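Using the hints, build the complex out of the two chains.
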Amino acid sequence: MNDTKEIKMMTPFTMVLLLAMALGFVVAIYRLVNGLGAATNLNDDFPWGLWIGFDLLGGVAMAAGGFIIAGTVYLLNWKKYKPIVRPAVLTAFLGYLMAVISLFFDLGQPHRIWHPAFMWQYHSVMWIVAMHVMFYTTTLAVEFSPMVFERLKMHGLLKFINGIMMGVVLFGVMLSVLHQSSLGALYLIVAEKLSPLWYNSLIPYFFLVSAVAMGLNMVSLESIISSKAFKHKPHMDILQGLARGSIITLGLYLIMKVIYLLQGPGFAAIFNGSMEANLYLLEVGGGVVVPLVLLLGTNVKQGVNGLLTVNILVVAGVLLNRMNIAVFGLYGYGKSMGGSYFPSVMEFLLTLAIVALGIFLFKVAAKYLALFPEAEMQT
Amino acid sequence: MSKAVLIDLTRCIGCRGCQIACKEWNERKARRTSFHGDYTNPTALNSDCYTHIRFHEQEKNGVPVWSFVKNQCLHCKEPACVSVCPVTALKKTEAGPVVYRYDRCIGCRYCMVACPFHIPKYEWESALPWVQKCSFCSERIKDGMIPACIKVCPTGTMFYEEYDKVVAEAKNRLNRSPAKYVKHIYGLEEAGGTSWMYISGVPFEDLGFKMNIPVAPLPDLTWEYVSHVLPLFGITFVAGLGAWVITRRHANMNKEG
Ligand code: SF4
Ligand code: SF4
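Chains as they are written, first to last, in our numbering: chain A, 37 to 415; chain B, 4 to 260.
It is possible that some hints are incorrect.
Unchecked claim - Far from chain B, by Cβ distances over 10 angstroms, these chain A residues were calculated: (1) F61; (2) N70; (3) K118; (4) V121; (5) M155; (6) A166; (7) V184; (8) P270; (9) V294; (10) L332; (11) N341; (12) G342; (13) M373; (14) L388; (15) L405.
Said to hold, decoys possible - Stretch-level coverage of chain A by chain B, calculated; a stretch enters the list once three of its residues show a Cβ under 8 angstroms from a Cβ in chain B: (16) 138-147; (17) 206-219; (18) 222-228; (19) 344-358.
Derived from the structure by calculation, the hints contain no laboratory data.
For clarity, every value in this text was computed on a predicted model and none was experimentally measured.
C-beta atoms are modelled at their ideal positions from N, C-alpha and C, and glycine is treated no differently.
So here's chain B without its partners, still in its complex pose (with noise of 0.2 angstroms):
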């Protein structure tokens, strides 16, 4: 079975346990920062950083509201990023991460190119960079924890479980309480599915959430041509062998006459 993830961020007040927590459960090294006009600090996730809260300021009657956005890895059923890695460096393990095994990664940098949420980062100032991204704490996980970042959240904004549990309590919770939730869950059907998935009471369109992804599964897209090479390989053979023969014999009877 694998499990999965709701995050509800209705429930986030933006402490940034979760992004300490994974920071020293990975052990990435910090990094200096500067102010830059919102609270999101890191602005970016990079290489050191697999988790951070974004901060969303609106006004709502003439008043600020504040949300708060967990970003992280979304562990897509059927990743874009698996399914352009060459060396299959990036896997869908069964209980539910999407993990890297960096003694397989070439350095191509697809996955950065085909991730839909924006993901994977590279270790840019290393002479031989690895990706970096959550891992869901595969680890963790494997040994019967639950990831950092859930297990010193205060407020319970992440609920942890199977898959199906997940979906159903999301489904449940925008059930009994539809005033104070957008009638949308973020994840269940983006990109053809995420284990880790949002409820909101704020338009996720106003949370820097993307709402162009596709709905289908993103490897579909390329699956659609690389079914058909062993085809074209065959249609190319066919006609480039079917051309000698014909122009061949054309030839000799040319001779002949």
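Excised from the complex, chain A in its bound form (with noise of 0.2 angstroms):
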């Protein structure tokens, strides 16, 4: 226990974080106050742009290492992944907690944010994703109460808890599916708007695999990353395992892409210099095909900065891949309606708030939480 205890607030990186976060605020004031049109660059052309694309896509994509790992930790009864259960939910959680503050902020009636509870819709897929954001940020603070109910000895409740978690993480997963997929959904309809590199009647599929390649990812950065923070040993055997998953993951997803490339625009397509395909070029070139090829190299396995360098490289390309389908393969359309898009200074700053706070609570709940138990335990 002491050893995490002695991760120090005050650090030169916290103040940072803070100087984000009370940039961020300012920025959300301004926001309610002034609207839209005024703090972001969106326009009629450009309905939606960085908020939706990083911030909310992004921030869900993130969150899929949480019902991966519970499942195979809760449902797979896999024990060897038990020690980063906690890690995983915790980032699950702050993905769903960005996606929310974010759409909060994106959307033009904030304060009507609950109406789809009350008003269904269940042809829209924006329905879909607002009932499944409300259910699944609820499953997520239950699977990760425990944490906070043995901090605070309430041992009583904490019993409770883990009787139902086993029903609780499976409702996760169901969710998770679906919710991965159903924001995939969304673009269905754009059918003639988004560019065909990335439009495809399996895009929800897309979205579920490159998710679970993201989550994959983002769990072992985690992992790599804490371990290097809190100075504890990483867990190699584990790090390793998720590496294989991610082998799995990514060349089914280079599957998938190859097919509907081909069947689609075609190979050439990629290649024709225009700002999609090389945006397309360096997401599957570098989210994908560089990390195969250096996980399927033995020695990449071993090392430790081996495994961070390919977990940057797929968390970058998903979101990427995110940002492609929101904002820059619609961009065409947008343009030859006669608009343009650049995210403002302000939309910047609101995502870099929201990240940064991400950040510090993942370090609060590490510094106040028992969240890597065993870490804790081999020191």
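See the structure below:
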């Protein structure tokens, strides 16, 4: 226990985080008082921008590690991964928090964020997404609660929650599979607007598979970074297990990508030098092909730094994918309507603040809660 | 029965009376505009402008030829905007109009993303903005009047009737004067059919019409996924539960053995 308690809160890095959050707070107030037009560069030709692409789609994809690891441990009974359940669930919770906060500020009528719960429209993917966010954020809070109850020494509640945990985890897995794919399904209706490099009828499942890849790598990335920051030994066998999972998921994802590229716009379309084509190359090359090659070369899996590189590449690749679909892939359409879009400084600042909030809360949890119970026992 | 409109572009003289009537009836404020190279003004629809006339200049045999295109919500029969709205703020009424109910809207702007004709617009400058678009003068129709733009049109460009009669009239005009019109009724099939349709003497693709709109109703694209949501939910449930039962039994057997 002593080890993590020695995490220093008042480091320069924390100061930077706090500064980013303070700036974001000011932007948030400005946005609420003056409206979306004043704070963002969104317009009639680009109704969705950075907040939807990065914060919402990216935040939710980042959260996928939570359901994968929880499912692996509680449903598949794969005990090896038990030490990373807690950070994975926490990340998921923070990812959803990111998504909810950004959605709140992105909505034109934020105070009505509860409307979907009472005004049903099950034909709308957006409605499905809204309901999922509500249910799953609650589910994650429950999955996460034992850490808090432990700390508060509320043993009765702790026992109750642990008793129903399997059901909660199962519900969480069901919600996640749907939710990850629903986010992709949001884009099914823009058939003639979204660049064919990204549009196809299986886009929900592309989102699901890439979210799994992102989730696995996010969990690995965190384990490595926290082991460095909090100076405990990384579990190499767990990291290698996650890497094996990544190989399978990335492999599947790449095959899907190639098949649908050939069926759709064709191979030549990614080499025509257009902005979309270059971004596609960057996304699939840097975020899928290179990590796969690195992982298949045996020595990368042995070293922590090699794995870390792979993790960063995959996470960045999936984030770029979400931005490609939400903004760049629709850019040609918006431009043909006479518009243009580049996020405003305030859009960037709020996004930065939300990311900073996530990192900060993770650090707080690591300090005050038993986030890495096993690592703490080792030392 | 549901109302529909046929816009016969060969009749429009570009007077913009409809544009003004619309603004007046809906009490939208005027915005300052500036010269930008052609006569379309404002250049695009906005939250204060539900309809405008697009001016298209072409050359035929060395002489300039003008075409005028009235642009507004087409009131799709199966509207993408209605299907994507999470709170049913948008609704297709029996009478034909697709109407917006501001008291429900949460401002997610999915309707704007989804509309194939780029119609819904947002009050970006407002702190609590609404979506704005042509309502087909739904309130006037309810009171037995005809839409404001149609009322003022001096040339009878818009033919307003029951849907079936409008389609029949469109086909009739194309058959009667095949030399005058291109052989296409825009909106008969686009996006699964719309309540406002166009016929034209100039190819539609030369007049800024989107020609790549799917013929099937757009909500079908999403329904393909949405109809799988419950089965997917069930499959995940069974798979998860199955995995749990099997691995538990396995663990117990190992313990005993
Ligand atoms: S044209 Fe657009 S806004 Fe109008 S009904 Fe169709 S989808 Fe909705
Ligand atoms: S912006 Fe309003 S009307 Fe449009 S889809 Fe969202 S809730 Fe519905």
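Consistency of the hints with the structure:
| no. | hint | result |
| --- | --- | --- |
| 1 | F61 | 18 angstroms, holds |
| 2 | N70 | 6 angstroms, violated |
| 3 | K118 | 13 angstroms, holds |
| 4 | V121 | 15 angstroms, holds |
| 5 | M155 | 4 angstroms, violated |
| 6 | A166 | 6 angstroms, violated |
| 7 | V184 | 25 angstroms, holds |
| 8 | P270 | 26 angstroms, holds |
| 9 | V294 | 22 angstroms, holds |
| 10 | L332 | 28 angstroms, holds |
| 11 | N341 | 34 angstroms, holds |
| 12 | G342 | 31 angstroms, holds |
| 13 | M373 | 6 angstroms, violated |
| 14 | L388 | 23 angstroms, holds |
| 15 | L405 | 27 angstroms, holds |
| 16 | 138-147 | holds (count 5) |
| 17 | 206-219 | holds (count 7) |
| 18 | 222-228 | holds (count 6) |
| 19 | 344-358 | violated (count 0) |
Checked against the numbered hints above, the structure violates hints 2, 5, 6, 13, 19; every other hint is satisfied.
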